[in-house]
Each structure stands twice: as structure tokens, then as C-alpha cells.
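There are 2 protein chains.
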Amino acid sequence: MPVSHTDKMMLAIDLAKEAELLDEVPIGAVLVHEGKIIGKGYNLREKTGKTTAHAEIQALEDYNHQTQEWRLPIGTSLYVTAEPCLMCTGALIWARLDSLFYGAFDSKNASLRTFLPMIEKGLFDHRFKEVEGGILGDVCSSLLSNYFKKKRH
Amino acid sequence: MPVSHTDKMMLAIDLAKEAELLDEVPIGAVLVHEGKIIGKGYNLREKTGKTTAHAEIQALEDYNHQTQEWRLPIGTSLYVTAEPCLMCTGALIWARLDSLFYGAFDSKNASLRTFLPMIEKGLFDHRFKEVEGGILGDVCSSLLSNYFKKKRH
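Keeping their order, the protein sequence lines are chains Z and L. Anchor point for the first sequence: position 45 equals 45 in our numbering, and the numbering is continuous, going up by one each time. Anchor point for the second sequence: position 133 equals 133 in our numbering, and the numbering is continuous, going up by one each time.
Chain Z extracted, bound-state conformation (with noise of 0.2 Å):
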């Protein structure tokens, strides 16, 4: 299934974009079935001091509230600007979400890939069918850089 996934992860990052206005780390991440947006959410964690404030919670969080289903429909993506870390890769394993799409790579090592191999053999009860990361990976990772650097200044 050759798609293009540009327009999406777009979505996500001008949701990072109104991360970073918020003076939060600028990730953000959309949820897709069918063609249509059914959940999104940005980094949240400083402004709302709620620990699992990341992206990808908050995009499930905004998916959750408007069915009351902790379940993703089957076939749904997730685009999120950054690799995921270790707690919502356990939460869209959860969800069962079947496809990720994901832009920057976790220079860290402590995130997804890291327990992909541990999932694809089959230690949950879930696996996805697709993830592909560096996704406008460039750009996604600029915009981090950049907000680290003011950051540090």
C-alpha cells in the first residue's frame, strides 16, 4: 500500500509547532483511520504537570474521549514527529495500534526501536504490522534541535 504519508505527519508537525508556542518540547502526533484524523495531541507535560503528557497519550487521550474506547479501530496510524519512548510504546501496544510512523530518531537509544525486536517475536499480545521512522525526519528533528538550543541560551 504506497502512500504518502507527507500530509500527515505535516498535521503532526504543526501540532509540535503549538508544542514549542507553549514553550513545551515541540512533538506532536495525529491518529488516522480511514483517511480521517481521529485523535491528536501535542506535548503537554510542563503546562499540564501530567507525567504521560506526551504526544502520543494525548492523542489517544483525545481519540478516548470522544468514543469512550480504549481500543484504537483496527487499520488506524499513528504519525508522531519523534520516536516514541518506552511509555507510549507500551500504551499504543495497548491501544492496539497497527501502523507507526514516526519522524525523528531518539538519538538516546532508550526508545522504540530498542524493544521492536522484543515485540516483533511476540512478547505481547500485540504487534504493529508497520513502523517506519524518519518520516520528514529532518524537519522534525529541527525543530527539537532549534528548541533545545534556545533552550540552552
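Hints in this document: simulated from the structure, not taken from any laboratory. Check the hints yourself; a few may be wrong.
[Claimed, not checked] 20 Å max Cα-Cα, derived EDC-like pairs, lysine to aspartate or glutamate:
1. Lys121/L x Asp62/Z
2. Lys108/L x Asp125/Z
3. Lys108/L x Glu120/Z
4. Lys108/Z x Glu120/L
5. Lys150/Z x Glu20/Z
6. Lys47/L x Asp62/Z
[Stated by the list, open to error] Covered, in the sense of this in silico footprint (three residues per stretch, anywhere, with C-beta under 8 Å from a C-beta of chain Z), are these stretches of chain L:
7. 43-51
8. 61-75
9. 81-91
[To be verified] Pairwise CB distance ranges (calculated):
10. Met118/L x Gly134/Z: 22 to 28 Å
11. Gly35/L x Met118/Z: 34 to 40 Å
12. Gly75/Z x Ser107/L: 29 to 35 Å
13. Arg152/Z x Glu46/L: 44 to 50 Å
14. His153/Z x Asp23/L: 35 to 41 Å
15. Ile74/L x Lys129/Z: 26 to 32 Å
16. Leu21/L x Lys121/Z: 34 to 40 Å
17. Ser107/L x His153/Z: 28 to 34 Å
18. Ser142/L x Lys121/Z: 45 to 51 Å
We treat Cβ as the ideally placed atom computed from N, Cα and C, and that holds for glycine.
Put chain L on the given structure of chain Z with help from the hints.
Just chain L, lined up with the frame of chain Z:
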């Protein structure tokens, strides 16, 4: 620091029983700092339709709501009636939890113990100072197995 964990785990067990009354998988959790309960929660995934509504996350969010802080105070302990999953383990790392005491072991091996060696090797910026499982383990396990037995009938 020899402490009796029984009283705190009993509080978590009481919370697990509240979950059961609502026909939720009976898991409860309390956060303790300097002898005081600073957060509590129980599994509410079905009732809330919230993917992340595990006992540990509910307890964290209880603390978050009260304090507007995403980070736990130094020296905080979590008592939870079951071994934390991947998502909750990740959230507890982000929250900078110091001590983690749990009851029932997860038989599926897709939980804390699987990832603990990686955490202890310093994969993340934070590691737990103390982790102990099996506290009132029989009581915590029975709660779960009785619940699932009833569900099957």
C-alpha cells in the same frame, strides 16, 4: 531501612477491591512519600475507556492533579498489587519513582522484570533505587485469579 510493607500494600489491595466492585481487573496502587499517601488509584480502563487507565497511572495522575507536578518527590515509593506493564514502567521512570513494591508477578513475562536489567544498566536517565515483587503476593494474585475465574463463568 527495614520497613513493613504490609500496611501500604493493604491500602493498594483495598483500592484493587474498589476496581473489582466496578467489574474492572482488580489492581490498585498507592504512592507514598515520608509515610504519607500522595496519590492513589485503581484500574479503570473499561469504565473510563481510557487506554492508559491502569492503577499506576491513575495514582500518578492523582498526584499530578494535586500538585501540578509531573515529577514525584525524591524518596517516593509505589505500592501496586501487580507487576507493572511496559507502559506503566515507562511512566514511573519519567516520574522519577525511587522505590517500587509490587504484589502479584505477571506470568506473561512482558512486564517490569523483562526490562529491569536494561533499566539497571542505565538505559534511561533514571533508575529505580529499590524494586521488590511478591509483597502480599498470594493475596494480590488471588484477587486477580478469582476475578478472571468469575469472568469465565
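Outcome of the hint check:
no. : hint                            : in the structure
1   : Lys121/L x Asp62/Z              : violated (35 Å)
2   : Lys108/L x Asp125/Z             : holds (10 Å)
3   : Lys108/L x Glu120/Z             : holds (16 Å)
4   : Lys108/Z x Glu120/L             : holds (16 Å)
5   : Lys150/Z x Glu20/Z              : holds (11 Å)
6   : Lys47/L x Asp62/Z               : holds (16 Å)
7   : 43-51                           : holds (count 6)
8   : 61-75                           : holds (count 7)
9   : 81-91                           : holds (count 7)
10  : Met118/L x Gly134/Z: 22 to 28 Å : holds (24 Å)
11  : Gly35/L x Met118/Z: 34 to 40 Å  : holds (38 Å)
12  : Gly75/Z x Ser107/L: 29 to 35 Å  : holds (31 Å)
13  : Arg152/Z x Glu46/L: 44 to 50 Å  : holds (45 Å)
14  : His153/Z x Asp23/L: 35 to 41 Å  : violated (54 Å)
15  : Ile74/L x Lys129/Z: 26 to 32 Å  : violated (42 Å)
16  : Leu21/L x Lys121/Z: 34 to 40 Å  : holds (38 Å)
17  : Ser107/L x His153/Z: 28 to 34 Å : violated (51 Å)
18  : Ser142/L x Lys121/Z: 45 to 51 Å : violated (31 Å)
Consistency with the previously given hints fails for numbers 1, 14, 15, 17 and 18, ordered from lowest to highest.
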